[in-house]
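Engineer: So the chains spell out like this:
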Amino acid sequence: MASPVAQFQIKTIGPELHVAGMDISFTNSAAFMILATVVIGVFLTQSMSGRHLVPTRIQSMAELSYEFIANMVRENVGSEGRPYFPLIFSLFMFILVGNLLGMVPYSYTFTSQIIVTFAMAITIFVAITVIALVKHGFHFFTFFFPSGAPVYMAPLLIPIEILSYLSRPVSLSVRLFANMMAGHTMMKVFGGFVVALGVAGVAPLAVLVALTGFEVLVAVLQAYVFTILTCIYLYDAIHLH
Amino acid sequence: MIANSVTRWSRRVGLAAAAAVAAVPSWAASTDHPGSGGGLPQLDATTYPTQIFWLIVSFILLYIVMSKVAIPRIADVLEERQERIEDDIETADRLRGEAETVKAEYEKAVADARSQAHDLVRKAMDEIADSHAKSEAEAAKKTAETTKAAEARIAEQRTQALESLKSVASEAAAEATAKLTGLKVSDAKIGKAVEAAMQGGA
Numbered sequence: 002m003a004s005p006v007a008q009f010q011i012k013t014i015g016p017e018l019h020v021a022g023m024d025i026s027f028t029n030s031a032a033f034m035i036l037a038t039v040v041i042g043v044f045l046t047q048s049m050s051g052r053h054l055v056p057t058r059i060q061s062m063a064e065l066s067y068e069f070i071a072n073m074v075r076e077n078v079g080s081e082g083r084p085y086f087p088l089i090f091s092l093f094m095f096i097l098v099g100n101l102l103g104m105v106p107y108s109y110t111f112t113s114q115i116i117v118t119f120a121m122a123i124t125i126f127v128a129i130t131v132i133a134l135v136k137h138g139f140h141f142f143t144f145f146f147p148s149g150a151p152v153y154m155a156p157l158l159i160p161i162e163i164l165s166y167l168s169r170p171v172s173l174s175v176r177l178f179a180n181m182m183a184g185h186t187m188m189k190v191f192g193g194f195v196v197a198l199g200v201a202g203v204a205p206l207a208v209l210v211a212l213t214g215f216e217v218l219v220a221v222l223q224a225y226v227f228t229i230l231t232c233i234y235l236y237d238a239i240h241l242h
Numbered sequence: 018m019i020a021n022s023v024t025r026w027s028r029r030v031g032l033a034a035a036a037a038v039a040a041v042p043s044w045a046a047s048t049d050h051p052g053s054g055g056g057l058p059q060l061d062a063t064t065y066p067t068q069i070f071w072l073i074v075s076f077i078l079l080y081i082v083m084s085k086v087a088i089p090r091i092a093d094v095l096e097e098r099q100e101r102i103e104d105d106i107e108t109a110d111r112l113r114g115e116a117e118t119v120k121a122e123y124e125k126a127v128a129d130a131r132s133q134a135h136d137l138v139r140k141a142m143d144e145i146a147d148s149h150a151k152s153e154a155e156a157a158k159k160t161a162e163t164t165k166a167a168e169a170r171i172a173e174q175r176t177q178a179l180e181s182l183k184s185v186a187s188e189a190a191a192e193a194t195a196k197l198t199g200l201k202v203s204d205a206k207i208g209k210a211v212e213a214a215m216q217g218g219a
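Top to bottom, those sequences are chains A and B. Quick note on numbering: the first sequence equals residues 2 to 242 in my numbering. Quick note on numbering: the second sequence equals residues 18 to 219 in my numbering.
Simulated from the structure, these hints should not be mistaken for laboratory data. One or more hints might be untrue.
As the list claims (entries may be wrong) - Sample of chain A residues at the chain B side, in silico, Cβ under 8 Å:
1) 35
2) 54
3) 57
4) 63
5) 107
6) 114
Beta carbons: idealized from backbone N, C-alpha and C, even for Gly.
Bound conformation, chain B alone (with noise of 0.2 Å):
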């Protein structure tokens, strides 16, 4: 059935192929047509036996060579190198993995010393707000110590002038009277007359 179809097929063949030559001008046609029948080459069946046999020869030798030797050293060197990038691929994660751990450490150590520094600049400045309020509160208390000291010298000061005066006024006035009236007046009534008129006036 196969080769039934292939010979009608083979005939189509010829009668176009034929058709196509007798289409060609004369110029390009050719009176030397040796084979079978003058068609095609291609159908000249005596040249079958030996295109079959070299081909079986030539194609037996191509498979021989292509699965014993060009095959297993074509998929020897792509392996090799499948091998060495999976290699490389594996080191390089195994690398990234320890630089990300380093970086975590770095990053962990800068948080840490960050918050250190922290600490301590907030105890610094705790202290010294500490001291600061301790020293203000210190001289505060010596200011008031000071005016109070001051405060009572003023009020003993004064009290001092009053009687002075007291004293003063005492003898003006017992000397103002005896100059003016010649007479001698107690000390006693001029101190309760100065102290009178003191009170009075103040």
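Bound conformation, chain A alone (with noise of 0.2 Å):
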């Protein structure tokens, strides 16, 4: 039987792709990056595709992963957040998206890689300090000490400060990664354990649908929380607290 971390393992498909001496190839992963991708394009267009004054069903379900987000942009951003919308809608989506395809039995959870959540992060950790940066030049740096406290505190609050703010791409990431894949090995140990079992393995199966149901609340949850802290990290670099 299989451990229940090998449904991580990356599998090649296809021939290898070697550019730069770093392999490229399409992995399992890859594969199911580019599903996401056309799962989430061919639901946002075709649902909108009859673009219905009462909206069908599927209709309704577009517009309404579009108001969300757009409403979080707008509660945790404020109107500058506008231009960046199209950026967090696509994050929110594809990490849901990659979650919620997670679920199907065999396939794969991208989002259970810590380098694919860790690459997300530090763009967006990235991309933010640039944007903070260019917005308020050498000002940015106060962000590091709260106004209003007491000067003497600076040598403990600077420190703490900037600590704190570095590891904003590691829990950002680590927190999807380590959500994702600690439900998949949960799920996949009692998988196992229903099979070893036989008639007995009743009672983990019932656990395992459980798991199940609560898993997708993870996938969601999960998405939601990468996505609202990307609009908060964004806020304080337009506002700087």
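Hints given; two lone chains; assemble the complex.
Structural biologist: Shown next, in the form of structure tokens:
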């Protein structure tokens, strides 16, 4: 029987591709990233193709996801967040669909890869820092010293603030990756119990049913958390506290 | 610094995961551990370039589809609906305003008609009362006249009766005197005597 973490293995599909000494072969992870993109693209364009004034169910879903993120950006970033809306919306849909596709049996969860979540988080972190620097110049560095704090606290506060700022991409990526990995590992372990216990496997099967529901919740929740934290960081970059 | 903390962290996760895997019963464990070190597949750095590459490819693709097609399309539909709703609300507001004007006009007309009717009724009642009073007064006058005339006639007839009674009495007295005494008393004397008797008796 396979190890509960064997499901996270990257497997090459098709020929191996090497560019500049790096292996960029198409893999199961890549397949699901592309699949997520296609699913989102088809869902959001085809559901809206009717352009119904009174939305159909599927159109309503597309509109709800749009309005959900639009409200999130408006409430957490403000009107300055409008230019970043397509990016944040894409980010949310990508993580959400990635997480949910991972819930389909035999599929692959690319959000359970630390490198994927970290690449997204570090890109967001760098982009947001650049936005803040462009917008505020050197004034940006006052971000690391809360206004109103006594000056003699600076030696303590500034390192803490810098550390907390630098840990943002780590916490952002690890939160998503760890949640997805833990959930899928747990499901695999319980799945193993079901097979191994035979008739008595009904008990872990019941747990597995509950876990599946829970994991769907986690999939949605983690996509939401990742996106809203991005919004909050963006707010900080634009408004500096 | 970030990279340091990440690797440090990954090492920790790797250890934790390895511990977790070790804790899994032997039947669930596997001897098949490809990748580096037999740890978590996520920590196999050889898979990083391909994952980052395909992440970039798919995310850029997604971003283009979202920002060029999907988002404008959804925004269009939502805007159209918003406009339609606002239009409808505006029309409804206008119609309500019109209805209110009509209602006010109607109410005014009703109030006017009512006050007119009230006036008419009052006028009619006044007229009726007037004519009633007039006819009553006329009737009273007529009655009074009739009564007066009747009273006058009665008085006249009474005097007449008294007159005739006087002559009858005189005649009777003359006859009675003549029969009883055989005397012929003059009419003047008898008349005087009758008058005296009548006045005394009266």
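Engineer: It remains to establish, for every hint, whether it holds in the given structure.
Structural biologist: Checked hints:
1. 35: holds, 5 Å
2. 54: Holds: closest Cβ of chain B sits about 6 Å from residue 54 of chain A, inside 8 Å.
3. 57: Hint violated; residue 57 of chain A Cβ to chain B Cβ min 11 Å, cut 8 Å.
4. 63: Interface hint status for residue 63 of chain A: holds (6 Å vs cutoff 8 Å).
5. 107: Hint on residue 107 of chain A: violated, closest Cβ of chain B at ~16 Å, above 8 Å.
6. 114: At about 5 Å, which falls below the 8 Å cut-off, the nearest Cβ of chain B leaves the hint on residue 114 of chain A intact, so it holds.
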